[in-house]
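Undergrad: Once you have looked at the hints, place chain B on chain A.
There are 2 protein chains.
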Amino acid sequence: MNFSKRIEKMQESPIRKLVPIAEETKGKGKKVYHLNIGQPDIKTPVEFFNAVKDFDKEVLAYAPSQGTPELISAIKKYYAKYNINFEDDEILVTNGGSEALIFSLLATCDHGDEVLVPEPFYTNYNGFGDMTGVNVVPITTKAENGFHLPEKSEIEKLISQKTKAILFSNPGNPTGTIYTKEEIYMLRDISKKHNIFLIADEVYREFVYDGLEYMSFAHLNDIEDRIILTDSVSKRFSACGARIGCIASKNKDLMKQILKLCQGRLCVATIEQIGAANFINVPDKYIEETKEEYRKRRDVVYNALKEMDGVICEKPHGAFYNIAKLPVKNAEKFVIWLLKEFDINNETVMLAPAEGFYATEGLGKDEVRISYCLNVEDLKKAMKILSEALKVYPDKK
Amino acid sequence: MNFSKRIEKMQESPIRKLVPIAEETKGKGKKVYHLNIGQPDIKTPVEFFNAVKDFDKEVLAYAPSQGTPELISAIKKYYAKYNINFEDDEILVTNGGSEALIFSLLATCDHGDEVLVPEPFYTNYNGFGDMTGVNVVPITTKAENGFHLPEKSEIEKLISQKTKAILFSNPGNPTGTIYTKEEIYMLRDISKKHNIFLIADEVYREFVYDGLEYMSFAHLNDIEDRIILTDSVSKRFSACGARIGCIASKNKDLMKQILKLCQGRLCVATIEQIGAANFINVPDKYIEETKEEYRKRRDVVYNALKEMDGVICEKPHGAFYNIAKLPVKNAEKFVIWLLKEFDINNETVMLAPAEGFYATEGLGKDEVRISYCLNVEDLKKAMKILSEALKVYPDKK
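Chains as they are written, first to last, in the UniProt record's numbering: chain A, 1 to 397; chain B, 1 to 397.
Chain A extracted, bound-state conformation (with noise of 0.2 Å):
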């Protein structure tokens, strides 16, 4: 039997791909410290748990499809906290981050359209586009430069008949930069002058360091009718397996048609919504430490490779990755030779080879995504671990 071509040209997930290995050199019981995957040791909140366990219904109903009243609540609230002021009926609470994508693309491209990405991006950007038949459409950025946008000239050359949005996260996984307010300007008059949406990923919000001011994009006033904000619990509260996320725009005619695909699905798990509406009496200082601790890491993973040979590496700003490149010909080739072949003291570390978070061909090829959702004593030992293996490691550029 015959599968469908748009399945087969989707991609493994390349955090993912090579948890097989991973888990066999486990089997011979070394110790990899998993730099691979975005799941946070912090604890969730106790709210959420407490919020659950007072579940009392004795039938477990759907919930609305745009979202339980009292989510819907405890979002605006949330955003009121940034200055961003969203009613009732341009909030729709949805199955994590992803599906907010995956409605913002169907609700803005048809099949055949595009999307532009800076690229390197989030690697499910490209499966997203994948399933809703959208071309993703690279807006190349570097290492050398910390990832920050090309000129506005450069962008708008990509820009086609086609084009119905730009996609992006800020702050940016997988490279943890902050866009500036001129980058955020500039996405904005392009935005304005082709007539295109601007769906920001905004769920790293809070992990913003070295004290640089944060803007998100729902603060352009002056363009609200083309920002789609997606959104998610998952990073911010360490609740990721919780699967809430929402779509917010002041387009409500834009949320009346999201609506639709809302209902198709009839509904978001109705507990973890009632979980997560009480992360709005987490008390602030629960952000405000996990903030701090992720920097403390940032520190650890940027200080350690800055010390590195042949490594390149801007200082990343915000959310908790870096992409580094490496001085190997292949780091896929390298990561799988961490896996197979190093350890120090019978310990290894795993990172996510940074192909596969692009789009175009042959780029990212000596790169990886380093992740620090370890503690700072393990991610010291994880980089020690690193910084060793790029010294011996046979297939260097």
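None of these hints come from the bench; they were simulated from the model. Cβ atoms here follow ideal geometry from the backbone N, Cα and C, with glycine treated the same way. Treat the hints with care, since some could be wrong.
To be verified - Short, incomplete list of chain A residues facing chain B, as computed with Cβ under 8 Å: (1) R6; (2) T140; (3) H194; (4) F197; (5) G241.
TA: Same frame as chain A, but now just chain B:
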């Protein structure tokens, strides 16, 4: 700003679009019996809530993309009760039956391909077709014939080069029809001869009345590579809000492809999976009692409909819906009239106009779907209201 054509084309849920009128009615102090939605009132087994309350991890982490091992094991055991034997890699946990259906379409059909679907069908099949760019080609079935399938040659006439699958629910929503063995074998023969998948939505598997023998499409061993089951705990365990479903198929290559879709959206809600895994410990008598309760309700509805002048309705043998052809010119207008103009002792009834359950223009205009998710006493009152309403409704055929 323009939206995509595909989202503008999507219809509003015919089950939910009249809800604002019902709300208005209730706002005036009138009681509305909801026969329009399939939200069961049966208690969810305590096993679910107990497992949820026992969750004691401090970090709510991602679950595996394919589902938790515990839930997959529980699903295997559940199927084994029906002599259906799946292996671990033949089951993928999904966000309800909805996502199972969307993934099945994405994996078998490209944009512009076709699926045959017996109509009337679960109205969201239309939405899933719109989302995935797959054209729903209806196999028309009729109230007078209990919504059984037409002759094989009639179905074969609809098959083109673009036909990749036949999608259907059995027991049927919205018809309550159970396919006979002859119908099942006919679909098998068509699948074999024309090399197309059978996507069998069997979420109402338990709800088969009148001693009919139930046969799953998974029992068709000779075409197991082309059978895709889509399933859900929503109805059988009265757990619609859990959003736990699955895809199951013996076609391991297909499942490997669909796993990429699962990885793209990371995972299904962790806590709901933990709850659902414990359904395997629900005593069989829960299902038996639930089924018996629905059987009683079916009798109340069917016996009442039989007595109403001009109503056409064959006895439904499964699920908890039926489609009734009413002696009215336009069922949607009738439903609105029921809500706005009619009551008995300040009580009225809400039905789902059936037009939205058909793909063929003009069909179903004089039909409604009746969902019997209310207790017997309320159902009796609701059917009395319907009966009296039909006697006095001014716009009859």
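Undergrad: Compare the structure with the hints numbered earlier in the document and write down the numbers of the violated ones, lowest to highest.
TA: 2, 3
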